[in-house]
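S.K.: Residue-level listing of the chains:
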Amino acid sequence: MTTFMRRRRILQVAAGLPAAVALRAQNPYAAATSGKPDELPKLEAIPPDGVADSKPKFCSGLQLAALRRLADLIVPKLGETPGAADAQAAEFLDFLLSESPADRQSLYRNGLDALNAKGFLKADAAGAAAMLAPLGKPWTYKAPAEPLAAFLRTAKADILTATVNSKEWIQVVSQRNRNAAGTSLYWTEIA
Amino acid sequence: MPSQVHDVVIIGSGASGAMTAYQLTKKGINCLLLEAGPNFDYSKDRQLRAVYDLPYRGFGKPGRFPHVTQANEFTAALWADEKQNPYTFDPKDPYYWVRIRRMGGKTLVWGRASWRLSNYEFKAKDHDGFGDNWPVSYADLAPYYDQCEPLLRVSGRIEKLPQLPDGVFLEDKSGDSASIARFISAAKQKGIPTTKQRRAQGTLASSANLLLPDALATGKLTILPNAIAREVTVDKATGKANGISFVDRRSKREFHVKARVVVLGASCLESTRLLLNSKLASSSGALGHYLFDQFYVKNTVQAIVPEARNGKAPGGLMGGTGYIPRFTNLDKKDTDYLRGYAVDFSSGGTPDPKYFPYYGEDLQKALAAHTNTGFNATTMGSVLPRFENHVSIDPVVKDAWGIPSLRISARYTANEFKMATDAMNTLSELCHTAGFEMLAQHDQMVPPGESIHELGTCRMGDNPKTSVLNKWNQTHDVKNVFVVDGSAFVTGGSQNPTLTITALAMRAADYMAEEMRKGNL
Numbered sequence: 001m002t003t004f005m006r007r008r009r010i011l012q013v014a015a016g017l018p019a020a021v022a023l024r025a026q027n028p029y030a031a032a033t034s035g036k037p038d039e040l041p042k043l044e045a046i047p048p049d050g051v052a053d054s055k056p057k058f059c060s061g062l063q064l065a066a067l068r069r070l071a072d073l074i075v076p077k078l079g080e081t082p083g084a085a086d087a088q089a090a091e092f093l094d095f096l097l098s099e100s101p102a103d104r105q106s107l108y109r110n111g112l113d114a115l116n117a118k119g120f121l122k123a124d125a126a127g128a129a130a131m132l133a134p135l136g137k138p139w140t141y142k143a144p145a146e147p148l149a150a151f152l153r154t155a156k157a158d159i160l161t162a163t164v165n166s167k168e169w170i171q172v173v174s175q176r177n178r179n180a181a182g183t184s185l186y187w188t189e190i191a
Numbered sequence: 001m002p003s004q005v006h007d008v009v010i011i012g013s014g015a016s017g018a019m020t021a022y023q024l025t026k027k028g029i030n031c032l033l034l035e036a037g038p039n040f041d042y043s044k045d046r047q048l049r050a051v052y053d054l055p056y057r058g059f060g061k062p063g064r065f066p067h068v069t070q071a072n073e074f075t076a077a078l079w080a081d082e083k084q085n086p087y088t089f090d091p092k093d094p095y096y097w098v099r100i101r102r103m104g105g106k107t108l109v110w111g112r113a114s115w116r117l118s119n120y121e122f123k124a125k126d127h128d129g130f131g132d133n134w135p136v137s138y139a140d141l142a143p144y145y146d147q148c149e150p151l152l153r154v155s156g157r158i159e160k161l162p163q164l165p166d167g168v169f170l171e172d173k174s175g176d177s178a179s180i181a182r183f184i185s186a187a188k189q190k191g192i193p194t195t196k197q198r199r200a201q202g203t204l205a206s207s208a209n210l211l212l213p214d215a216l217a218t219g220k221l222t223i224l225p226n227a228i229a230r231e232v233t234v235d236k237a238t239g240k241a242n243g244i245s246f247v248d249r250r251s252k253r254e255f256h257v258k259a260r261v262v263v264l265g266a267s268c269l270e271s272t273r274l275l276l277n278s279k280l281a282s283s284s285g286a287l288g289h290y291l292f293d294q295f296y297v298k299n300t301v302q303a304i305v306p307e308a309r310n311g312k313a314p315g316g317l318m319g320g321t322g323y324i325p326r327f328t329n330l331d332k333k334d335t336d337y338l339r340g341y342a343v344d345f346s347s348g349g350t351p352d353p354k355y356f357p358y359y360g361e362d363l364q365k366a367l368a369a370h371t372n373t374g375f376n377a378t379t380m381g382s383v384l385p386r387f388e389n390h391v392s393i394d395p396v397v398k399d400a401w402g403i404p405s406l407r408i409s410a411r412y413t414a415n416e417f418k419m420a421t422d423a424m425n426t427l428s429e430l431c432h433t434a435g436f437e438m439l440a441q442h443d444q445m446v447p448p449g450e451s452i453h454e455l456g457t458c459r460m461g462d463n464p465k466t467s468v469l470n471k472w473n474q475t476h477d478v479k480n481v482f483v484v485d486g487s488a489f490v491t492g493g494s495q496n497p498t499l500t501i502t503a504l505a506m507r508a509a510d511y512m513a514e515e516m517r518k519g520n521l
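Residue numbers (the numbering used here), protein chains in the order written: chain U, 1 to 191; chain X, 1 to 521.
Do not rely on the hints blindly, as some may be mistaken.
Said to hold, decoys possible - Residues of chain X placed beyond 12 Å of chain U at every Cβ, according to the derived structure:
#1 Gly37
#2 Tyr87
#3 Lys190
#4 Asn226
#5 Thr321
#6 Gln441
#7 His442
#8 Lys479
Claimed, not checked - Using 25 Å as the maximum straight-line C-alpha spacing, the simulated BS3-like pairs for lysine-lysine come out as follows:
#9 X/Lys240 - X/Lys44
#10 U/Lys167 - X/Lys365
#11 X/Lys123 - X/Lys252
#12 U/Lys55 - U/Lys77
#13 X/Lys44 - U/Lys55
#14 X/Lys479 - X/Lys418
#15 X/Lys365 - U/Lys77
#16 X/Lys518 - U/Lys36
#17 X/Lys298 - U/Lys142
#18 X/Lys354 - U/Lys137
#19 U/Lys142 - X/Lys418
#20 X/Lys279 - X/Lys236
#21 X/Lys27 - U/Lys142
#22 X/Lys354 - U/Lys142
#23 X/Lys125 - X/Lys471
#24 X/Lys518 - X/Lys27
#25 U/Lys167 - X/Lys61
#26 X/Lys298 - X/Lys196
#27 X/Lys298 - X/Lys190
#28 X/Lys354 - U/Lys167
#29 U/Lys42 - X/Lys44
#30 X/Lys258 - X/Lys518
#31 X/Lys333 - X/Lys418
#32 X/Lys279 - X/Lys479
#33 X/Lys298 - U/Lys137
#34 X/Lys252 - X/Lys83
#35 U/Lys57 - X/Lys61
#36 U/Lys57 - U/Lys167
#37 U/Lys137 - X/Lys190
#38 X/Lys220 - X/Lys190
#39 X/Lys354 - U/Lys77
#40 U/Lys55 - U/Lys137
These aren't lab readings, by the way, just hints derived from the structure by calculation.
Just so it is clear, CB atoms sit at the ideal spot from N, CA and C, and this is done for glycine as well.
Kindly generate the complete structure, drawing on both the sequences and the hints.
M.R.: See the structure below:
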């Protein structure tokens, strides 16, 4: 304890005040923050998805609407388990597609347009299910030749990944399954 | 000080470069090791992060690694950047060149499978007439395998299989789950052998923790990171190499180091690129040629163990792994292709959602019902070394440091296609015999290179007119230049190559040390 600190402590005791109160009353620096100047901080923070709406960057309004409905059908909310809508999977994929290679962009644009051309947005449950019938075919190594079937296969995988890698999904499912914690070792970029 | 002549300069800190440094420094020889990438500090360079906290939710930045299927958003910084390190190929024949430029090289993330080659590989021509034999036999390498396995802490089981020689293992006494036992029994009925995996053990099984610390402790090793080798330089008067020109990765400042002996362990194709750019060791016409690897058919079969459905697996049914060594064309030709394939198989886990033809609630129910029911197997096939599969220097493209890039020309041929189809049919049959239900099967090989087992392009041989290296990994043309990585391979078999690379590097180092002692280098 330094001479200054000892003197300050004596003054606090003499005044009969609790130490911290006395400190704040007499030391304007202490009153300014309860932070610890000699400790390095580790602040809890969040990704933007949970608190902000992302601006559509790739899809048209109709395409994004179709992608949202498709995502909700691929991974619906089931009981307490969040679905693709909770995870904002469609909004995330819109961003991912905006940076994706041209062939991926075409696959999505054409696929979403094809669904819309079939009236996907206004179709009832049975009608929508009929449009997604290609997803009921067994998996083959090579992608289906039919463009809509190829799109649906890719979209199923992407929507699933975008959902199960979301904070919303992981926070709920990791309570039931430790393997769903979604953490791994991240390698820092080389300087 | 800068003008000092080092005893040996080694390019690369992976399996081969580090093993050479380990062995030479143990014998009191001063080595300078150049690594193209940075050094690392495990406490700073890796951190636990949540996937949702990454900018691309685990997908990774689109288009960053078009040819590195192993990369994900967590490991992106580990792999050599494709824009900084470009290479070219004919779009009709894509080649996936997977590189790591960090201290330890690819041993930072290797699969750790550690198999010995046998004379079915070293003397392959004697068995089936194709290609060439190695200038060494299994007996030449065996003493070095004996030393490398304990260094890498390889676990395994003694089997007495002539095509898969036993080694000095940490004995694997573990039992098999009931599902694995059923598969093994099905294989046995067809006369197909199986064994436990042979893998390096430990939290990290890298040259960075197993070899380089001991080499540094001798006081004979100096490590220089961020040093990208540009050219092996030659003394025009003697025709011998006299050092290495390199460029600092960060500043692009140019340097040169002098050395009595130059050792290239930069990885198969990087060492060959360095020789091609140096216009060295090319008199045979074989430099850059006979590129091959092992082809992979990932998840050749994906099956489920039906008794495990709906969480009803009795204890001990699921889990575990195993390996089928090559079993075809050993003592007689028994297929319509040459040589053969190996298989990794494993039990447990939930099959990928893509295998279930459902979506929505039906898909989630299917995934829940099939938790820990999976069985899958991946094929690793022998690829024939062919002269026409080769690398050359691209006349136009250079890397971020102005060093000319490689152009790679490689394709699989009928022998590999037939082998892949046979593997699929055989594995499917074994799964049925074992009582598994098939979800999917296929015989589509990944593109050449993707297995990260690229081999050849600097092959060994006794004849300087048809090979680049002699039986000591020494270039025929320049006696004080050695190439100690996978580029020296003449054939590769279906075994993962790293253990053989380390054995060859250790053997080459012993020869170097003796020749230096005699004053021949």
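S.K.: Each of the hints needs a verdict: does it hold here or not?
M.R.: Now the hints, each set against the structure:
1. A Cβ of chain U approaches the Cβ of X/Gly37 within 12 Å, the least distance being about 7 Å, so the stated non-interface status is violated.
2. Listed as a non-interface residue, X/Tyr87 keeps its Cβ farther than 12 Å from every Cβ of chain U; the least gap is roughly 19 Å.
3. Every CB of chain U lies more than 12 Å from the CB of X/Lys190, the least distance being 25 Å, so the non-interface label holds.
4. Distance check for X/Asn226 against chain U: the nearest CB is about 10 Å away, which does not clear 12 Å, and the non-interface claim fails.
5. Once the 12 Å rule is applied to beta carbons, X/Thr321 is consistent with being away from chain U; the minimum gap is 18 Å.
6. With 12 Å as the threshold on Cβ separation, the claim that X/Gln441 sits away from chain U is violated: the shortest Cβ distance comes to roughly 9 Å.
7. The claim that X/His442 is not at the interface with chain U is violated, since a C-beta of that chain comes within 12 Å of its own (minimum 4 Å).
8. With a closest Cβ-Cβ approach of about 37 Å to chain U, X/Lys479 is found to remain outside the 12 Å limit, as its non-interface label requires.
9. At most 25 Å may separate the alpha-carbon atoms for a hinted pair to count; X/Lys240 and X/Lys44 exceed this at roughly 42 Å.
10. With a CA separation close to 22 Å, the supplied pair U/Lys167 and X/Lys365 stays within the 25 Å bound.
11. Using a Cα cut-off of 25 Å, the hinted pair X/Lys123 and X/Lys252 is violated, with the two alpha carbons roughly 45 Å apart.
12. In summary, the hint linking U/Lys55 to U/Lys77 is supported, as the alpha carbons are separated by about 23 Å, within the 25 Å threshold.
13. Under the criterion of a C-alpha separation no larger than 25 Å, the hint pairing X/Lys44 with U/Lys55 is inconsistent with the structure, at around 35 Å.
14. Of the supplied pair hints, the one linking X/Lys479 and X/Lys418 is violated, its CA atoms being roughly 41 Å apart against a limit of 25 Å.
15. Between the alpha carbons of X/Lys365 and U/Lys77 the distance comes to roughly 13 Å, so the proposed pair stays at or under 25 Å and holds.
16. Between the alpha carbons of X/Lys518 and U/Lys36 the distance comes to roughly 66 Å, so the proposed pair goes past 25 Å and is violated.
17. Restraint check for X/Lys298 and U/Lys142: satisfied, since their Cα atoms lie roughly 13 Å apart, inside the 25 Å limit.
18. Under the criterion of a C-alpha separation no larger than 25 Å, the hint pairing X/Lys354 with U/Lys137 is consistent with the structure, at around 11 Å.
19. For the proposed pair U/Lys142 and X/Lys418, the alpha carbon gap of about 18 Å is at most 25 Å, so the pair holds.
20. This hinted pair checks out: X/Lys279 and X/Lys236 have alpha carbons roughly 13 Å apart, not beyond 25 Å.
21. Under the criterion of a C-alpha separation no larger than 25 Å, the hint pairing X/Lys27 with U/Lys142 is inconsistent with the structure, at around 54 Å.
22. In summary, the hint linking X/Lys354 to U/Lys142 is supported, as the alpha carbons are separated by about 12 Å, within the 25 Å threshold.
23. In summary, the hint linking X/Lys125 to X/Lys471 is supported, as the alpha carbons are separated by about 17 Å, within the 25 Å threshold.
24. Note on X/Lys518 and X/Lys27: the hinted pairing holds, with a Cα-Cα distance of about 14 Å set against a maximum of 25 Å.
25. Taking the CA atoms of U/Lys167 and X/Lys61, the gap is near 19 Å; set against the 25 Å cutoff, the hint holds.
26. At roughly 19 Å between alpha-carbon atoms, X/Lys298 and X/Lys196 fall within 25 Å of each other, so this suggested pair holds.
27. Simply put, X/Lys298 and X/Lys190 have alpha-carbon atoms about 23 Å apart, close enough for the 25 Å limit, and the pair holds.
28. For the suggested pair X/Lys354 and U/Lys167, the alpha carbons sit about 23 Å apart, so the restraint of at most 25 Å is met.
29. Simply put, U/Lys42 and X/Lys44 have alpha-carbon atoms about 15 Å apart, close enough for the 25 Å limit, and the pair holds.
30. Proposed proximity of X/Lys258 and X/Lys518 is supported: the alpha carbons are some 21 Å apart, at most 25 Å.
31. Between the alpha carbons of X/Lys333 and X/Lys418 the distance comes to roughly 14 Å, so the proposed pair stays at or under 25 Å and holds.
32. The straight-line distance between the Cα atoms of X/Lys279 and X/Lys479 is roughly 15 Å, inside the 25 Å bound, and the hint therefore holds.
33. About 21 Å separates the Cα atoms of X/Lys298 and U/Lys137, which keeps this hinted pair within 25 Å; it holds.
34. Straight-line distance between C-alpha atoms of X/Lys252 and X/Lys83 comes to about 16 Å, which keeps the hinted pair within the 25 Å bound.
35. A hinted pair counts as satisfied when its Cα atoms are at most 25 Å apart, and U/Lys57 with X/Lys61 qualifies at roughly 16 Å.
36. Distance restraint check for U/Lys57 and U/Lys167: the Cα-Cα separation of roughly 22 Å lies within the 25 Å cut-off, and the hinted pair is therefore satisfied.
37. At most 25 Å may separate the alpha-carbon atoms for a hinted pair to count; U/Lys137 and X/Lys190 exceed this at roughly 33 Å.
38. Proximity of X/Lys220 to X/Lys190 is assessed by CA-CA distance (about 54 Å); at most 25 Å being required, the pair is judged violated.
39. Of the supplied pair hints, the one linking X/Lys354 and U/Lys77 holds, its CA atoms being roughly 20 Å apart against a limit of 25 Å.
40. Of the pairs offered as hints, the one joining U/Lys55 and U/Lys137 is violated, with about 35 Å between alpha carbons and a cut-off of 25 Å exceeded.
Of the numbered hints listed earlier, those contradicted by the structure are 1, 4, 6, 7, 9, 11, 13, 14, 16, 21, 37, 38 and 40.
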